[in-house]
Amino acid sequence: MKKIDILRSGLFKENPTFVQLLGMCPTLATTSSVKNGLGMGLSVTAVLMCANLAISAIRKLVPDKIRIAAYVIVIAGFVTIVDLLLKAFLPELSKSLGIFIPLIVVNCVIFARAESFASKNKVTDSIVDGLAMGLGVTGALVIIASFREIIGNGTWFGLSLFGSSYQPAIMAVLPPGGFIIFGLILGGINLIRLRGKADV
Amino acid sequence: MREYIRLGGTLCIIAAVATLLLAVAEHVTSERIAAIALAAEIKAMQDVLLGVDGVDEDTATVMPQEDDSIVSSITRFESNEGYVYAVNVNPVGYGGPIEIMVGVNSNLEVIGVSVIDSSGETPGLGSRVAEAEYTDKFIGKKKGVAVVKRDAGENQVVALTGATISSKAVGKGIKKAIEAAEEAMTIEKN
Amino acid sequence: MFKHLLVLAITTIFVENVVLVRFLGICPFLGVSKNTGTAVGMGMAVTFVITISSVMTWLVSNYVLDPLGLEYLRTLSFILIIAGLVQLVEMFTQKSIPSLYNALGIYLPLITTNCVVLGVALLNVQNDHTFEEALVYGISSGLSFTLAIFLFAGVREKLEASDVPQFLKGFPIALITAGLIAIAFLGFAGLQL
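Protein chains in written order, with our numbering: chain A, 1 to 200; chain B, 1001 to 1190; chain C, 2001 to 2193.
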């Protein structure tokens, strides 16, 4: 398989967040600010690449019956390493993402890639797939977080956009805003798709 | 049977390798993580005792305290104004504990408040309790200080709009801190 | 003590609803909420597993990991406990309580990757819960999830019959609906507990 095709499918065609709708918990929970969304996306990317690499490397050694258990151990191991590294080098981010870092263990995106890609493909392809899917998640989280932070707080990546007279719609950074804005973004994507089809 | 041993063995090897890697990662990061936590606590102590004249950092004494789930430590310093206390409290806010350092003087008045960790609170709402605009309102407040929704009285502070839970949690922590300092003083006298 | 635990339970079920406020367990919340029957089945299965798992993870954390200084194995051991527990519950109910198995069995495999279960186990540690608190937190988190998914399924059943614009059909309108229910839950934040 061509690497560029793997990349394209992770970023767009099979985007885990917008198309496959996997890993919804962190998608909603960590997008109240762009910084958190980006941090979460990159953490997921790191875990995805490492887990894909390891699982692809051991794919021929692990008997089929215990593969799920093996994946769980591999994924949990890498998640803990990312967790420890964040605590040591980016303590602020680690605190604001809280339990959603260890919860990457049960993020369906990672399981889905282990099962459907890494366990069947070469190591190099698997790493590229991890990178592509991870960046797909990161991009999606940053987009959602941008909407929420700009509307709900009047800032982007912490930078004030409209001056002090702007009254932010706080609801956007609160939990309900997360559901509604994500729903509207998905609706928007559908709208573009439907338009595209109508033109053809 | 042999099949089970083979399966179990493979899993054990994978688990052992994972544990080994984790132990290495833990070893590499643990000192740094501890240092970061300590540095944050020291910085917060310095912040809350900033206004006190002649605080001698070498006299820091960790005070005994009754078991309390909110108060995590009480540190006493000598200064030109007598004993001052830096109390670390962790009241539960909207999304988990908020870590706060509270400075209390020997008249049991609040002399400084520094929020170390309010990351569980909603960004832009509850997280504003960490800003000086809010925490400074507690300076000079005494035992029994309370957070109210509006019309603050003598020993009261008005909660931030839209962040009542976080505001009240901070208030509760500060109230507990004053009580803890008082307790530490009485334990010592006995 | 009793009052304290009651406050914890009410807070967990209503004020900080695990799904609608804390964003845990969104996948089954959106996936298994097409009708109220299955939603309640899923909710009950989750409550059952979460209660046992929060007790077990609490014991492991406090009596094994902490004394040995192995906190870094927490995530790994918790997920293995949960996965093993789900398997055991599945085998046990299948053999001993077939009626319960028939009611909950199909949801059990989905629970391992439900982040409410692992999330509650981790929050018990993070919030320094005592044994009683961990138990109450476990049960009430399960009920909290059940309440959210039941309410949501109720609305979605009605939604099936309504005329939704083409581009919002399916997932988008489900998310917007969830958001509206979450707004209702924001009202509980005003409770004076």
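Derived by calculation from the structure, the hints in this document are not laboratory data. Here the structure is a predicted model, which means the values were calculated and not measured. Where is the CB? At the ideal position from N, CA and C, for every residue including glycine. One should not assume that every hint holds.
For the chain C half of the interface with chain A, some residues (derived, Cβ under 8 Å), not all of them [stated by the list, open to error]:
no. : residue
1   : Cys2027
2   : Asn2062
3   : Val2064
Pulled a few chain C residues facing chain B out of the computed Cβ check, cut under 8 Å [said to hold, decoys possible]:
no. : residue
4   : Leu2073
5   : Leu2076
6   : Asn2127
7   : Glu2132
8   : Thr2177
9   : Phe2185
10  : Ala2189
Away from chain A, derived, C-beta distances all over 12 Å, residues of chain C [as the list claims (entries may be wrong)]:
no. : residue
11  : Ala2009
12  : Thr2011
13  : Leu2030
14  : Gly2031
15  : Glu2071
16  : Phe2078
17  : Gln2087
18  : Leu2118
19  : Val2120
20  : Leu2122
21  : Gln2126
22  : Glu2133
23  : Val2164
* To do: With 12 Å as the threshold, tell me whether valine 2120 of chain C passes as away from chain A on beta-carbon distances.
  => Per Cβ check, valine 2120 of chain C is inside 12 Å of chain A; nearest 10 Å; violated.
* Going by Cβ atoms, does valine 2164 of chain C stay more than 12 Å from chain A at every point? -> 10 Å, violated
* To do: Examine each Cβ of chain A, and state whether all of them lie more than 12 Å from the Cβ of threonine 2011 of chain C.
  => 15 Å, holds
* Could you check if phenylalanine 2185 of chain C really has its C-beta closer than 8 Å to a C-beta on chain B? => 13 Å, violated
* Status of the valine 2064 of chain C interface restraint (C-beta, 8 Å, chain A) -> 16 Å, violated
* Asked: Is glutamine 2087 of chain C truly not at the interface, in the sense that its beta carbon sits beyond 12 Å from all beta carbons of chain A?
  -> 10 Å, violated
* **Non-interface claim for leucine 2030 of chain C versus chain A (Cβ beyond 12 Å)** => 7 Å, violated
* Interface hint status, alanine 2189 of chain C versus chain B (Cβ within 8 Å) -> Hint holds; alanine 2189 of chain C Cβ to chain B Cβ min 6 Å, cut 8 Å.
* Can the hint on glutamate 2132 of chain C be confirmed by a CB-to-CB distance to chain B that is less than 8 Å? -> Status violated, d = 13 Å.
* **When the least beta-carbon distance from leucine 2076 of chain C to chain B is tested against 8 Å, hint result** => 7 Å, holds
* Status of the leucine 2073 of chain C interface restraint (C-beta, 8 Å, chain B) -> 6 Å, holds
* Exclusion check [alanine 2009 of chain C not at the chain A interface, CB over 12 Å] -> Given that every Cβ of chain A is farther than 12 Å from that of alanine 2009 of chain C, nearest at about 20 Å, it holds.
Checked against the numbered hints given earlier, this structure breaks hints 2, 3, 7, 8, 9, 13, 14, 15, 16, 17, 18, 19, 20, 21 and 23; the rest are met.
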